[in-house]
Amino acid sequence: MSEEQNSATSIHCPIRRVDRALSEEEAYEIVRRTHEASVGVADTDGTPYVFAVNTALIDGAIYFHCAHDAGRKEAIFKVNPKVALLFIGRKEIAPTEFSTNYASASVYGHLSMVTDPDDKRDIMLKFTEITAPEAGAENTKVYYENAKDAIDVWKVTIEVIRGKARHKELYFGEQA
Numbered sequence: 001m002s003e004e005q006n007s008a009t010s011i012h013c014p015i016r017r018v019d020r021a022l023s024e025e026e027a028y029e030i031v032r033r034t035h036e037a038s039v040g041v042a043d044t045d046g047t048p049y050v051f052a053v054n055t056a057l058i059d060g061a062i063y064f065h066c067a068h069d070a071g072r073k074e075a076i077f078k079v080n081p082k083v084a085l086l087f088i089g090r091k092e093i094a095p096t097e098f099s100t101n102y103a104s105a106s107v108y109g110h111l112s113m114v115t116d117p118d119d120k121r122d123i124m125l126k127f128t129e130i131t132a133p134e135a136g137a138e139n140t141k142v143y144y145e146n147a148k149d150a151i152d153v154w155k156v157t158i159e160v161i162r163g164k165a166r167h168k169e170l171y172f173g174e175q176a
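Numbering follows full-length UniProt numbering, with no gaps: position 43 of the sequence shown is 43.
It should be emphasised that the hints constitute simulated quantities derived from the structure, not laboratory data. Misleading hints may appear alongside valid ones.
Simulated DEER-style distance windows between Cβ atoms [what the hints assert, rightly or not]:
{"id": "1", "residue 1": "Val79", "residue 2": "Gly136", "range": "37 to 43 Å"}
{"id": "2", "residue 1": "Arg17", "residue 2": "Val142", "range": "23 to 29 Å"}
{"id": "3", "residue 1": "Asp119", "residue 2": "Gly173", "range": "33 to 39 Å"}
{"id": "4", "residue 1": "Glu74", "residue 2": "Leu170", "range": "34 to 40 Å"}
{"id": "5", "residue 1": "Gly46", "residue 2": "Ile88", "range": "24 to 30 Å"}
{"id": "6", "residue 1": "Lys91", "residue 2": "Ala42", "range": "21 to 27 Å"}
{"id": "7", "residue 1": "Arg16", "residue 2": "Pro117", "range": "44 to 50 Å"}
{"id": "8", "residue 1": "Ile130", "residue 2": "Glu25", "range": "15 to 21 Å"}
{"id": "9", "residue 1": "Leu86", "residue 2": "Ile58", "range": "18 to 24 Å"}
{"id": "10", "residue 1": "Arg17", "residue 2": "Asn54", "range": "28 to 34 Å"}
{"id": "11", "residue 1": "Arg33", "residue 2": "Asp69", "range": "29 to 35 Å"}
{"id": "12", "residue 1": "Asp119", "residue 2": "Ala42", "range": "38 to 44 Å"}
Derived DSBU-like pairs: lysine-lysine, alpha-carbon spacing no greater than 30 Å straight-line [as the list claims (entries may be wrong)]:
{"id": "13", "residue 1": "Lys120", "residue 2": "Lys155"}
{"id": "14", "residue 1": "Lys78", "residue 2": "Lys155"}
{"id": "15", "residue 1": "Lys148", "residue 2": "Lys126"}
{"id": "16", "residue 1": "Lys155", "residue 2": "Lys141"}
{"id": "17", "residue 1": "Lys141", "residue 2": "Lys91"}
{"id": "18", "residue 1": "Lys78", "residue 2": "Lys91"}
{"id": "19", "residue 1": "Lys141", "residue 2": "Lys78"}
{"id": "20", "residue 1": "Lys126", "residue 2": "Lys82"}
{"id": "21", "residue 1": "Lys91", "residue 2": "Lys155"}
{"id": "22", "residue 1": "Lys120", "residue 2": "Lys148"}
{"id": "23", "residue 1": "Lys91", "residue 2": "Lys148"}
{"id": "24", "residue 1": "Lys78", "residue 2": "Lys126"}
{"id": "25", "residue 1": "Lys126", "residue 2": "Lys155"}
{"id": "26", "residue 1": "Lys148", "residue 2": "Lys78"}
{"id": "27", "residue 1": "Lys126", "residue 2": "Lys91"}
{"id": "28", "residue 1": "Lys148", "residue 2": "Lys73"}
Glycine residues also receive a C-beta, built at the ideal position from the N, C-alpha and C atoms.
Given only the sequences and the hints, what does the whole structure look like? Please build it.
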């Protein structure tokens, strides 16, 4: 591991509680199952900005959407495409243990806007199929056709994914 990767400020910094570290596969499973994430970005002055989004893991990348030209959010995306996402798959207070049982995944990557109209439509249809299958394919197509110009779709290309859990069997079952 290089000096940069060992730095406490690097996205490659080792997890302090290695006994709680999850495998990459388990971290991806949290992202697959959890369709909400907190997204952290920083503007050119280094000022952090965090917001919540609905997400879907499609073909190894994470996608989310927001309103077209969504103000501060998109302004930051365009000047600093680095992003961090936090997925909390499970969280419950364990009061008698003075602790919290959790399963979470952290993702670090780069943002890019989906600009090809066909790709954008295909991603949004898959996105809805994953996050809201009860909406139905036909209703989703009609909705998308009416809303497509008001929506921007963003892709997160994953560079690093890590997971942690306390009592991971509560999330993954007894086989964990």
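So, going through the hints one by one against the coordinates:
For the hinted restraint 37 to 43 Å between valine 79 and glycine 136, the CB-CB distance of approximately 39 Å keeps it satisfied. Between arginine 17 and valine 142 the beta carbons are some 48 Å apart, a value that contradicts the proposed interval 23 to 29 Å. Restraint check, aspartate 119 to glycine 173: a C-beta distance of roughly 36 Å satisfies the suggested window 33 to 39 Å. About 37 Å separates the C-beta atoms of glutamate 74 and leucine 170, a value consistent with the hinted range of 34 to 40 Å.
Here the CB-CB span from glycine 46 to isoleucine 88 is close to 25 Å, well matched to the stated 24 to 30 Å. Between lysine 91 and alanine 42, the C-beta spacing of about 25 Å keeps the proposed range 21 to 27 Å intact. At roughly 45 Å, the beta carbons of arginine 16 and proline 117 sit within the given window of 44 to 50 Å. Distance hint check: the CB atoms of isoleucine 130 and glutamate 25 are about 19 Å apart, consistent with the given range 15 to 21 Å.
Restraint check, leucine 86 to isoleucine 58: a C-beta distance of roughly 19 Å satisfies the suggested window 18 to 24 Å. Between arginine 17 and asparagine 54, the C-beta spacing of about 29 Å keeps the proposed range 28 to 34 Å intact. For arginine 33 paired with aspartate 69, a C-beta distance near 31 Å keeps the hint of 29 to 35 Å intact. Aspartate 119 and alanine 42 have their C-beta atoms about 27 Å apart, which leaves the hinted 38 to 44 Å range violated.
This hinted pair checks out: lysine 120 and lysine 155 have alpha carbons roughly 10 Å apart, not beyond 30 Å. A C-alpha spacing of about 13 Å is found between lysine 78 and lysine 155, which places the hinted pair at or below 30 Å, so the restraint holds. The hinted pair formed by lysine 148 and lysine 126 meets the criterion: a straight-line CA distance of about 14 Å does not exceed 30 Å. Taking the CA atoms of lysine 155 and lysine 141, the gap is near 20 Å; set against the 30 Å cutoff, the hint holds.
Straight-line distance between C-alpha atoms of lysine 141 and lysine 91 comes to about 35 Å, which puts the hinted pair past the 30 Å bound. With a CA separation close to 33 Å, the supplied pair lysine 78 and lysine 91 exceeds the 30 Å bound. Between lysine 141 and lysine 78 the alpha-carbon distance is near 29 Å, which keeps this suggested pair within the 30 Å criterion. Among the hinted pairs, lysine 126 with lysine 82 is consistent with the structure: their alpha-carbon atoms are about 24 Å apart, no more than 30 Å.
Restraint check for lysine 91 and lysine 155: satisfied, since their Cα atoms lie roughly 26 Å apart, inside the 30 Å limit. Restraint check for lysine 120 and lysine 148: the C-alpha separation of about 9 Å stays at or below 30 Å, so the hint holds. A threshold of 30 Å between alpha carbons decides the hint, and for lysine 91 with lysine 148 the separation of about 35 Å lies outside it, so the pair is violated. Using a Cα cut-off of 30 Å, the hinted pair lysine 78 and lysine 126 holds, with the two alpha carbons roughly 25 Å apart.
Proposed proximity of lysine 126 and lysine 155 is supported: the alpha carbons are some 13 Å apart, at most 30 Å. Distance restraint check for lysine 148 and lysine 78: the Cα-Cα separation of roughly 20 Å lies within the 30 Å cut-off, and the hinted pair is therefore satisfied. Under the criterion of a C-alpha separation no larger than 30 Å, the hint pairing lysine 126 with lysine 91 is consistent with the structure, at around 27 Å. Taking the CA atoms of lysine 148 and lysine 73, the gap is about 19 Å. The hint holds against a cut of 30 Å.
Comparing the model with each earlier hint shows violations of hints 2, 12, 17, 18 and 23; every other hint is respected.
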